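Participant: Just so you know, the protein sequences line up as chains A and B, in that order. The opening residue of the first sequence carries number 873 in the numbering used here; numbering runs sequentially from there. The opening residue of the second sequence carries number -16 in the numbering used here; numbering runs sequentially from there.
Treat the hints with care, since some could be wrong.
Said to hold, decoys possible - Okay, derived cross-link-like pairs now, SDA-like style, lysine to any residue, Cα gap no bigger than 25 Å in a straight line:
id, chain 1, residue 1, chain 2, residue 2
1, B, K47, A, V1206
2, B, K47, A, R1209
3, A, K1041, A, D1089
Since the hints were derived computationally from the structure, they do not count as laboratory data. Everything numeric in this text was worked out from a predicted model, so none of it was measured.
Listed below are the residues making up each chain.
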Amino acid sequence: MSRWGWVLALLLTLSTVAARSSAAERPIVVGSKNFTEGRLLGELLAQRLEAEGFTVERRLGLGGTLICYQALTSGEIDLYVEYTGTLREAILPPGQAPGVAGLRAPLGALGLELLPPLGFNNTYALALAGPQARALALTRISQLAAHPTLRAAFSHEFLDRRDGWRALKARYALPQSAVGIDNALAYQSLEKGQLDLTDANSTDGELLRFDLRVLDDDLQFFPEYQAVPLVRRDFPAAARAALAPLGGRLGEYTMRRLNAAVAVQGAPFAAVAADYLAGEGLGLASQAGTEASAQEGWLSPRGARIVLRTREHLQLTGLALLGACLLGIPLAVVVHRRRRLARAVLYLAGLAQTIPSLALLALMIPLLGIGAAPAIVALLIYAVLPILRNTLTALLGVDPTLRRVALAMGLTPWQQLRYLVLPLALPTILAGVRTATVISLGAATLAAFVGAGGLGEPIVTGISLNNTALILEGALPAAALALLAEWGFEALEARLVAAPLRRDPLAP
Amino acid sequence: MTAAARTPGGAPAVAFQGVEKRYGDAVVLRELSLTLPAGQTSAIVGPSGSGKSTLLQLINGVLKPSRGRLEVFGAPLPEDLPAFRRRIGYAVQGSALFPHLTVWDNVTLLAQLEGWAPARQRARFEALRELMQLPADAAARYPHTLSGGQQQRVGLCRAMMLSPPLLLLDEPFSALDPLTRDDLQAHFERLAAAEPVTVVLVTHDRQEALRLARHLVVLEAGRVVQAGPPEALAAAPATAFVEELVRGGP
């Protein structure tokens, strides 16, 4: 097969994977970001729609604002709950009119609409460790200026946004410097006394769990973060009507309590959502809603769950590696005799490696949607470098005298490759594939950000719920897979590589 | 069948006519007009950098002439170079055996690709192995388990496996200690006597050239300064180098 044949085959494989997710008759697809409140609200909207007879597909726990937004605009999901402050600062151009009303026109221009706000304002807040707060008698953010030694760590989003840490620091003239940390990890660090200050959300259930003090935003720096379902303009009227009763119903206290039920008491999202809807008289008469949402993976028995996630993980990694081999090895063979081209290809592969995974996923959603396809392509892009680099190194390392002899004795170009060059290069190529495999097994956890499942799912959920058992449920099988892969490659090497090359790759 | 009989009308095995080889501005061979007689051993002799190896690699089409005509087996080089090259054995300094293949696979690779029956492969391999006095268990061994001289003999077996009418040798006896070299030269003489083959031997070793070849071609700085049987060169040496070559001490 020619090199273009390989590429075509790869694209076909990927598009088949992509097509599988969009072929069925179209239910309403509810998305959410990958933190507790986002998931819970996603589940709440989903159950509310189901209570009114809609078929719902859940795409909960997508990897952040950009991914959800891309998934919505490209039609991969039909709605998710966004926050007005996030729309204002992270999506729309600056300078929009205040309030929910001020957002309708610019969103309309993008073909999007806001449903009625749910009722609470989940703005940023700064949380200080209780002991420090009491010892220093701190209640307001402005008081932090007098205590430069307080240790601060913030979520990466908060560190980066226009209305995040840098602006806050300037506004209050705060002397602290800050590092990035995951929210859930930040709370643990605060409790252990390794950290004093972090960003929090005002409806965060964790605030009820740890000894924390939320500081007053005395200069009213933080903008409004009204939770509001975001849809495309073509969102069906019947579905709007089904969701209408949720408008204005959820206050901040209610939301914090619901969040705590999941994050602190460990109740399943579906059960918390069902209980709430039932209490408000908005749920299903029977328990069918709860059962329907049992498809939310982490409710099923642990063993079956692990097997399912592991299988998904292996599929993602396997397809990505296959693609990376089919792309990387022939590409190296084609370019290795052209030094300049080879160098350009290597630089390009290295450059692709530096794209942050979330950015890469967000870039691919308009092309490939959400689900397995963008995850596989992202993994492929990360896996191709070690394969390409090792193959190139191996091919360039073949003794030129041996090549000349192979040519002079009458081997065709294909035979030279088949009987001399590839066998000699094989140990190094295998080492590259082995590296790529271990990298991919780890990186495949990012698939959870685009709803592709895998062992990243329990890890991401576990981190957002601060649930160590759940994290280990993903991390341990992933580690086991990495070990198995190492053994597998040792066995493969023993089978495929000629004895003298195994003993000493430099033997004459 | 003799090598000469395979060459139509008893024509020379190799004929150069006004051949020039250049790399950019550097001329490696110039105005090369030369015939190499069929059925015997010719030695291409000259100091390093005189263009010996280049000349050899023009014959099997690894390099292409920049100008001039080249005929091998009485015809210009064909389009299908791999098939053409399989009629030309090739052995180089250091043997260049494929390290990942056993001696058997090294020697019989081309025969396997040509679809020879296993019995035919076995018979030819054994004949060559005995001629080259390789150990009986050599077939299953990897090259790195053999001595340097043995590896070089395996290299000659590989070059001769398909009984090519033409054999090109690029300093195959260099880089060996004198005793091993002497032994190997003796083996080569046995081979040349047993097989009807035209040999083109590139060497910078005058004793080797005089011992093995009946026809000498002396190259200096990309030009043929003299060619012919050793006696003819000795009778009227064209340059000091030729004189030293044919008359120099033992």
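Participant: State for each hint whether it applies.
Facilitator: Evaluation of the provided hints:
| no. | hint | in the structure |
| --- | --- | --- |
| 1 | B:K47 with A:V1206 | holds, 23 Å |
| 2 | B:K47 with A:R1209 | holds, 19 Å |
| 3 | A:K1041 with A:D1089 | holds, 12 Å |
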